[in-house]
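There are 2 protein chains.
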Amino acid sequence: MKLYTYFRSSAAYRVRIALNLKAIDHELVPVNLLKSEQQGEHYLSKNPQGLLPALETEEGVLGQSLAILEYLDETYPQHPLIYGNAWEKAQIRNLSYAVACDIHPIDNLRVLKYLSTELAVDDEAKNKWYRHWVEVGFEKLELLLDEKHDFCVGDKPSLADVCLVPQVFNALRFNVDMTAYPKIAAIYAHCNTLAAFSDAAPQNQLDAG
Amino acid sequence: MKLYTYFRSSAAYRVRIALNLKAIDHELVPVNLLKSEQQGEHYLSKNPQGLLPALETEEGVLGQSLAILEYLDETYPQHPLIYGNAWEKAQIRNLSYAVACDIHPIDNLRVLKYLSTELAVDDEAKNKWYRHWVEVGFEKLELLLDEKHDFCVGDKPSLADVCLVPQVFNALRFNVDMTAYPKIAAIYAHCNTLAAFSDAAPQNQLDAG
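Protein chains in written order, with numbering that gives the first Met the number 0: chain Y, 0 to 208; chain B, 0 to 208.
Honestly, the hints are just simulated from the structure, not real lab data. Do not take every clue at face value.
Note that identical chains are pooled: a pair holds if it fits in a single copy or bridges any two copies.
Below are the BS3-like pairs computed for lysine-lysine, each with C-alpha atoms no more than 25 Å apart in a straight line [said to hold, decoys possible]:
| hint | residue 1 | residue 2 |
| --- | --- | --- |
| 1 | LYS1 | LYS88 |
| 2 | LYS1 | LYS34 |
| 3 | LYS34 | LYS45 |
| 4 | LYS112 | LYS127 |
| 5 | LYS21 | LYS127 |
| 6 | LYS147 | LYS88 |
| 7 | LYS34 | LYS139 |
| 8 | LYS155 | LYS34 |
| 9 | LYS88 | LYS139 |
| 10 | LYS112 | LYS21 |
| 11 | LYS139 | LYS45 |
| 12 | LYS21 | LYS88 |
Given the sequences, and given the hints that come with them, work out the whole structure.
Shown next, in the form of structure tokens:
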């Protein structure tokens, strides 16, 4: 199993965490987003969506990190990421999508690039944009989280933590003040005490710049 | 079961389609996004995320349309939206997220509002922004679709169609030229021959302006 990855891609970071949590044997294949390698012929022949990450399996190549995570969770049931009854699973997905749909896509590198190149937005306003969507999203998420737990839900990592940790990592890069979100900050700190999370972090990747 | 909805909200539109396909008895409760009713006390007491849609069930209120759709699919197995083996399910989710994560969030009303109010982007550039993300997304999606089918996958509607149809509806509002995406256009036309889809369309809602 091969994961096409870029050290700073949040979506690839999610899948790296899941592969580690489930202890699935895999190879990481770096694709440099800053050099637009994801738009190159070789990568497009693997994943016509031209986005990272993509998982190459015996059955074919799968794009979309959330689809990959659901697929891994179904085919490698050890350490389930989405667990409990239907309502509990819905809570995990709700928290996950509050990050993966409501924050991440708007702050993606290609969107930030469009702001700079097409709309001539300066760096200060671009960074404010980044922080705005994180802050609006984290404010809502903080309300949904339960104070009692080390993880987003219950006492073991779920899909929600897999989505949240990369988002916090990037928020810190953009100087979001995490003291405003004590529950999220505590979950981030706790997750990073686990090797599955810290080994997946951007600075610990072979392609880290 | 109550669905908090706004006629033009793509995410609410998805859930309306699913409720129809599964023939689940439900009540639609309109929340006017243009009047910011989703930020009002009454709605926030139901859904602290302050976004549409939300589904009120006997177990509580659930936000995030994709979480709602997965929950409905698990609890109301008639007319499954995500079906087949793990790999086939992954393909359905991949196509769904290519719309729900890669296009929709960037073109959401709150993002367009931010462009106008915070970045003083004029209407022409804002409409171009809208079309850009649809066009980039549809171009990739078109490559992933199989010419042979009436629906995104196989011969019955899936989560992918539930996500795609509202996105095409909105793309048409923004004058995206759909002739560039013949497979998507054909799926859209075919889905709309089904009452479950056409009854859920914005113009057929009681709160349609």
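Which numbered hints turn out to be false for this structure? 5, 8 and 10
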